[in-house]
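Undergrad: Produce the complete structure using the sequences and hints provided.
So for the sequence shown, my numbering puts the first residue at 1; every next one is plus one.
Among the hints, erroneous ones may be present.
No more than 25 Å apart at the CA atoms, straight line, and that leaves these computed lysine-lysine pairs for BS3-like [claimed, not checked]:
#: 1; residue 1: K62; residue 2: K9
#: 2; residue 1: K17; residue 2: K64
#: 3; residue 1: K54; residue 2: K64
#: 4; residue 1: K54; residue 2: K17
#: 5; residue 1: K62; residue 2: K17
None of these hints come from the bench; they were simulated from the model. Here the structure is a predicted model, which means the values were calculated and not measured.
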Amino acid sequence: MNIHNEVRKHLINFLNKVLDQSYTRNEWENFSCSMYQNDVLEDIRVEVSSMIAKNLEPNGFKMKAMTAETRNSIQAIINELDADCV
1 MNIHNEVRKH LINFLNKVLD QSYTRNEWEN FSCSMYQNDV LEDIRVEVSS
51 MIAKNLEPNG FKMKAMTAET RNSIQAIINE LDADCV
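TA: Spelled out as structure tokens, the structure:
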């Protein structure tokens, strides 16, 4: 089992949920608080957490409507991660 590949797949799954805003409070909290031991994945986590945090609804975990720029940025990250998966 390639653990780095599995972590990438897990990250892709969460990012897809961000795009369609179907993530749960628990998933958001786990994502925003966890730290990846892979520098590239950790940089992605920090970047996406920042994107989400800047645009949270008053309930504190769901994003307001995403801008096209944010949506495109997240989709580009997904595409890059997906290309790296084995």
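Undergrad: K17 and K64: Cα distance at most 25 Å?
TA: holds, 14 Å
Undergrad: Regarding the pair K62 and K17, is the alpha-carbon distance no greater than 25 Å?
TA: Given pair K62, K17 holds - Cα atoms ~11 Å apart, limit 25 Å.
Undergrad: Would you check the hint for K62 and K9, treating anything up to 25 Å between C-alpha atoms as holding?
TA: holds, 22 Å
Undergrad: Does the alpha-carbon distance linking K54 and K64 stay inside the 25 Å limit?
TA: This hinted pair holds, its Cα atoms lying about 10 Å apart.
Undergrad: Straight-line Cα separation of K54 and K17 no greater than 25 Å?
TA: holds, 17 Å
In summary, the structure agrees with every hint in the numbered list given earlier.
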